[in-house]
Amino acid sequence: MFRNGPWPPAGMGTRMRFHRLAAWVLAGLTAVSLAIVIAPGASYSRQDREQLFAAASPSHPAGTDALGRDRLVRVAAALLLSLAGASAAAALTTAGAAAVGAMAAFATGAVRWTIMLLCDVFLALPWLFLLMMVRSALPLKTSPARSAAITFMVLAALGWPACARAVYRGVLELKNADWMLQARAAGLRRSQTLHHVVPNLLPLLLPQFLVSVPAFVIAEANLGALGLGIGEPLPSWGGMLLELDNSAILLQTRWVYFPVLLLILVLLLVEAIMVEA
Amino acid sequence: MRKRVLAMMKWPARMLSILILVMTGTTILVRFAPGYLSDEREMDPRYAQAARIELAEETSRSHSLLQMLSTEVSGWSRGDLGRSRQFDIPVQELIWPRLAVTGELLLRSIVLGWMIAISGSMVSGVGRNPSMLWQLPATLLLAIPTAAMATLCLLSGKGGPVLVMALLIAARDFKFLHRMLRKAWLEPHILQARAQGIATSRLLVAHVLPSLAGQLAALASLSIVTALSALVPVEVIFNVPGLGQLAWNAALNRDLPVLLAITLIMAIAVTCSGMAPGRRPEWERA
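Protein sequences appear in the order of chains E and D.
Note that the numbering used here has the first sequence beginning at 1, numbered continuously upward.
Note that the numbering used here has the second sequence beginning at 1, numbered continuously upward.
The hints are simulated quantities; they were obtained by calculation from the structure and are not laboratory data.
Just so it is clear, the structure is predicted and the values come from calculations on it, not from any experiment.
Note that the Cβ used here is the ideal one computed from N, Cα and C, for glycine as well.
Take the hints with a grain of salt, since some may be wrong.
[As the list claims (entries may be wrong)] Reference excerpt, derived from the structure (chain E facing chain D, CB under 10 Å, subset only):
{"no.": "1", "residue": "V121"}
{"no.": "2", "residue": "L138"}
{"no.": "3", "residue": "L205"}
{"no.": "4", "residue": "L206"}
{"no.": "5", "residue": "L210"}
{"no.": "6", "residue": "I218"}
{"no.": "7", "residue": "G227"}
{"no.": "8", "residue": "G231"}
{"no.": "9", "residue": "L234"}
{"no.": "10", "residue": "Y257"}
[As the list claims (entries may be wrong)] Computed cross-link-like contacts, DSSO-like style, restricted to lysine-lysine with a CA-CA straight-line distance of at most 30 Å:
{"no.": "11", "chain 1": "D", "residue 1": "K158", "chain 2": "E", "residue 2": "K175"}
{"no.": "12", "chain 1": "D", "residue 1": "K3", "chain 2": "E", "residue 2": "K141"}
{"no.": "13", "chain 1": "D", "residue 1": "K158", "chain 2": "D", "residue 2": "K175"}
{"no.": "14", "chain 1": "E", "residue 1": "K175", "chain 2": "D", "residue 2": "K10"}
[As the list claims (entries may be wrong)] Which residues of chain D face chain E? A partial, calculated answer using Cβ under 7 Å:
{"no.": "15", "residue": "I144"}
{"no.": "16", "residue": "L264"}
{"no.": "17", "residue": "M266"}
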């Protein structure tokens with residue numbers, strides 16, 4: 001393999017330190033958000049009717065929204081909800097993709113063809129469009145907590161095909177690896193070799209998981225901005241993006257940009273951690 | 001000869017299977033969604049009665065899945081793509097004018113996006129500048145949800161739907177292009193040619209780009225998927241009367257024939273674009 005220069009390449013140490021710093025900053029942000037949400041008296045849904053569109057003040061450090069709700073508490077809750085939901089959905093989708101990909105790799109011709117065809121069917125449709133279609137077909141009286149759960153479940157249910165293809169290729173490579181052939185030649189059955197395959201898939205699954213987290217956060221934000229995301233009064237990035245549609249609010253306070261800026265920061269931090277993995 | 005014919009038939013057959021499955025899957029998905037037989041007008045006493053009558057008619061129409069599918073298929077075979085439930089006109093009349101709008105938007109944004117991505121990756125991949133400097137804007141753009149980017153552009157009055165989609169495509173493609181070009185630029189034969197003093201432009205045109213043709217074609221198909229994914233929020237936020245806006249409207253109003261038609265058009269676009277780069281050698285051999 002041609003390599004230009006010595007190993008490790010110059011600047012790798014700095015990059016690693018940067019990635020570690022990103023992980024610490026994200027952990028810090030999550031801890032601060034948790035502290036804000038569980039602080040006594042903090043509520044993401046309590047309305048202060050006397051202070052609609054209020055600017056930053058000691059009682060509301062990031063101002064209030066159109067209904068007089070504390071923006072800082074809502075943003076903190078949205079961050080926690082979004083990261084927790086996206087991580088859970090990413091874990092589900094990665095596990096599902098691992099199962100489907102491994103099944104396709106170990107299956108016979110017809111089963112493999114069917115599984116790959118199913119992947120192609122899902123991949124033939126733009127993701128957000130499919131999400132929008134499924135999300136919009138839910139009952140109108142869905143509760144906010146259920147709508148949040150459904151949104152992330154739908155993300156998990158639709159996010160697996162690309163990951164499954166990557167896992168399929170990875171498992172095929174492992175299946176044809178020398179150590180696997182030797183194990184098979186030594187008399188191990190397919191089922192016995194499987195528990196050697198799974199640990200070797202982890203380096204492939206971890207990046208897939210980390211790629212899915214920001215993708216799901218962005219998808220939830222986009223859905224919310226279209227009015228198809230998590231229901232009020234639960235706070236979500238998408239719901240807060242909807243505030244930007246109202247130019248009257250923008251004239252009242254610039255704090256409406258705060259959720260967008262924090263969302264971008266969180267996604268950049270996740271991206272930085274992802275590069276390390 | 002028979003093998004060649006079979007190889008040539010394999011992809012169209014696969015594409016047809018995908019389209020049939022997409023059509024069946026979409027119908028099942030929408031029909032059995034818990035909210036299919038509900039209408040937001042039911043919440044308004046002024047329209048509730050009319051909405052309930054329409055829903056009762058819909059219930060009787062959608063009693064059998066097979067009947068629903070045959071209705072959709074017959075609509076496609078007639079060429080009118082079925083009848084919109086929301087507007088009560090043939091779907092074709094809704095789709096055609098909007099198809100041109102969306103097609104133009106997609107074409108312009110993909111061309112602009114590729115121009116930005118190729119220029120950026122050539123300068124960053126071939127030049128001596130640290131790649132971090134070039135990757136930062138791309139990473140930043142990818143971290144902004146399309147809806148947020150579109151809203152911010154709309155609020156600032158700078159940039160339109162084409163720019164938003166082009167930036168998204170450019171940011172996504174730049175990462176791949178940069179890596180591809182960097183790798184090709186460090187190939188031993190290119191290093192040798194560079195050492196001999198052959199001009200950069202000649203190297204790029206005669207050696208680097210032709211060797212990347214297959215990968216570039218695959219990336220182009222990925223750009224179409226990226227653009228289609230961004231289509232709905234961009235068209236809705238900028239109020240562009242295209243297919244994305246129509247799909248959003250149809251999804252909110254549970255207009256199955258319109259949804260199905262747009263879903264299939266998108267599936268055809270994505271499947272065809274994915275087919276082009278992957279199957280060219282087989283076609284050439286055939």
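Against the structure, the hints:
| no. | hint | verdict |
| --- | --- | --- |
| 1 | V121 | 5 Å, holds |
| 2 | L138 | 5 Å, holds |
| 3 | L205 | 21 Å, violated |
| 4 | L206 | 19 Å, violated |
| 5 | L210 | 14 Å, violated |
| 6 | I218 | 5 Å, holds |
| 7 | G227 | 8 Å, holds |
| 8 | G231 | 13 Å, violated |
| 9 | L234 | 18 Å, violated |
| 10 | Y257 | 8 Å, holds |
| 11 | K158(D) - K175(E) | 53 Å, violated |
| 12 | K3(D) - K141(E) | 56 Å, violated |
| 13 | K158(D) - K175(D) | 25 Å, holds |
| 14 | K175(E) - K10(D) | 26 Å, holds |
| 15 | I144 | 6 Å, holds |
| 16 | L264 | 10 Å, violated |
| 17 | M266 | 6 Å, holds |
Violated hints for the displayed structure, listed by number in ascending order: 3, 4, 5, 8, 9, 11, 12 and 16.
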